[in-house]
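Could you put together the complete structure from these sequences and hints?
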Amino acid sequence: MDGYILPLAQATSITLSLAFVSLIVGMIFAFIFTLLESAPFKPVAWLMSLFNLTIRALPELLIVVAIYTGLPLLLMSLDDGITISLGFTSFTLQIDIANTKPDPFLCGVTALSLLYAVYASQTLRGAFKAISNGQKQAAQVLGLSKSRTFFRIIMPQMWRHALPGLSNQWLILLKDTALVSAIAIDDLMMQTKTIIARTNQPFLWYFIAMLIYLIISILSQKVITRIEKRSTYFEQPKSANSL
Numbered sequence: 001m002d003g004y005i006l007p008l009a010q011a012t013s014i015t016l017s018l019a020f021v022s023l024i025v026g027m028i029f030a031f032i033f034t035l036l037e038s039a040p041f042k043p044v045a046w047l048m049s050l051f052n053l054t055i056r057a058l059p060e061l062l063i064v065v066a067i068y069t070g071l072p073l074l075l076m077s078l079d080d081g082i083t084i085s086l087g088f089t090s091f092t093l094q095i096d097i098a099n100t101k102p103d104p105f106l107c108g109v110t111a112l113s114l115l116y117a118v119y120a121s122q123t124l125r126g127a128f129k130a131i132s133n134g135q136k137q138a139a140q141v142l143g144l145s146k147s148r149t150f151f152r153i154i155m156p157q158m159w160r161h162a163l164p165g166l167s168n169q170w171l172i173l174l175k176d177t178a179l180v181s182a183i184a185i186d187d188l189m190m191q192t193k194t195i196i197a198r199t200n201q202p203f204l205w206y207f208i209a210m211l212i213y214l215i216i217s218i219l220s221q222k223v224i225t226r227i228e229k230r231s232t233y234f235e236q237p238k239s240a241n242s243l
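First residue of the sequence shown? That's 1 in this note's numbering, and the numbers climb one at a time after it.
Check before you lean on any hint, since a few could be wrong.
[What the hints assert, rightly or not] Okay, the calculated beta carbon distance ranges per label pair: (1) 3 with 210: 14 to 22 Å; (2) 137 with 6: 29 to 37 Å; (3) 93 with 46: 36 to 44 Å; (4) 134 with 72: 19 to 27 Å; (5) 17 with 218: 14 to 22 Å; (6) 93 with 229: 48 to 56 Å; (7) 168 with 7: 26 to 34 Å; (8) 95 with 150: 33 to 41 Å; (9) 131 with 93: 24 to 32 Å.
[As the list claims (entries may be wrong)] With a cut-off of at most 27 Å between alpha-carbon atoms, the simulated BS3-like pairs for lysine-lysine come out as follows: (10) 42 with 146; (11) 129 with 146; (12) 129 with 42; (13) 136 with 42; (14) 175 with 229; (15) 175 with 136; (16) 229 with 136; (17) 136 with 146; (18) 229 with 129; (19) 193 with 175; (20) 101 with 193.
Honestly, the hints are just simulated from the structure, not real lab data. Since this is a predicted model, take the numbers as computed values, not measurements. Ideal placement from N, C-alpha and C gives every residue a C-beta, glycine not left out.
Written as structure tokens, this is what we have:
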């Protein structure tokens, strides 16, 4: 086993890097998706809802493979030039791209970020609706702008309402990193399959991979629990705060 510890450790670091980067990028897009789906302009909100429904309806592995195989086609089309016709006029969009085959890690981050953003946006939208309109109206009476109202009053409360759902989606994202082994990323699952092919011991190495995922999930849950307690500190009874 000594010869396989280092490859497994390196593959675990790739899995964690993939998960953390996808979490950050996905959270940014989740906020954007939430704002678009809550936009007062109905066509924008309807198109965003349709996009979210489409992504949620498709198998996650299909999303990963589609981005891995479709992104090079998009880059090649942009390199050759895409003619866009608007009826009364047309123009060609062309970008010089040296490498039309993107890195698999980038494709994996793109796919996982998109999946996380779509599901997290629904959690954020529910948290946004949980905040009463009276607080927004009170902020307007105090003369706060819409941006200050959102960032100083709405967002902190959204965070507390959405945190349990977002933390659960983080654990799902962590498991979904195993999907990128289908696009030649040397993550934990891909490295486990490689070791099994060499040793012909599937039960042993799948069990070790399971333990690694379990340890990461337990540590993540402990961190999430501390964050949840800190975010709801002032909502707890005084007796609990004094402990």
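Each hint tested on the structure:
For the pair residue 3 and residue 210, the beta carbons lie near 21 Å from each other, so the given range of 14 to 22 Å is met. Between residue 137 and residue 6 the beta carbons are some 60 Å apart, a value that contradicts the proposed interval 29 to 37 Å. Distance hint check for residue 93 and residue 46: the Cβ-Cβ separation is about 26 Å, which falls outside the suggested range of 36 to 44 Å. For residue 134 and residue 72, the hinted distance range of 19 to 27 Å is not satisfied, since their beta carbons lie about 51 Å from each other.
Range check, residue 17 to residue 218: Cβ separation about 19 Å, and the 14 to 22 Å hint holds. Separated by about 50 Å at the C-beta atoms, residue 93 and residue 229 satisfy the suggested range of 48 to 56 Å. At roughly 31 Å, the beta carbons of residue 168 and residue 7 sit within the given window of 26 to 34 Å. Judged by the Cβ atoms, the range 33 to 41 Å given for residue 95 and residue 150 holds: they are separated by roughly 34 Å.
The beta-carbon spacing between residue 131 and residue 93, approximately 40 Å, falls outside the hinted interval of 24 to 32 Å. A C-alpha spacing of about 20 Å is found between residue 42 and residue 146, which places the hinted pair at or below 27 Å, so the restraint holds. A distance of roughly 16 Å separates the Cα atoms of residue 129 and residue 146; the hinted pair therefore holds under the 27 Å criterion. Proposed proximity of residue 129 and residue 42 is supported: the alpha carbons are some 17 Å apart, at most 27 Å.
Annotation: proposed proximity of residue 136 to residue 42 holds, straight-line Cα distance about 21 Å (limit 27 Å). Our distance criterion of 27 Å between C-alpha atoms is met by residue 175 and residue 229, whose separation comes to about 25 Å. Straight-line distance between C-alpha atoms of residue 175 and residue 136 comes to about 38 Å, which puts the hinted pair past the 27 Å bound. About 26 Å separates the Cα atoms of residue 229 and residue 136, which keeps this hinted pair within 27 Å; it holds.
As the CA atoms of residue 136 and residue 146 are separated by approximately 9 Å, the hinted pair is consistent with the 27 Å bound. For the suggested pair residue 229 and residue 129, the alpha carbons sit about 23 Å apart, so the restraint of at most 27 Å is met. For the suggested pair residue 193 and residue 175, the alpha carbons sit about 16 Å apart, so the restraint of at most 27 Å is met. At roughly 25 Å between alpha-carbon atoms, residue 101 and residue 193 fall within 27 Å of each other, so this suggested pair holds.
Hint violations for this structure: numbers 2, 3, 4, 9, 15, all remaining hints satisfied.
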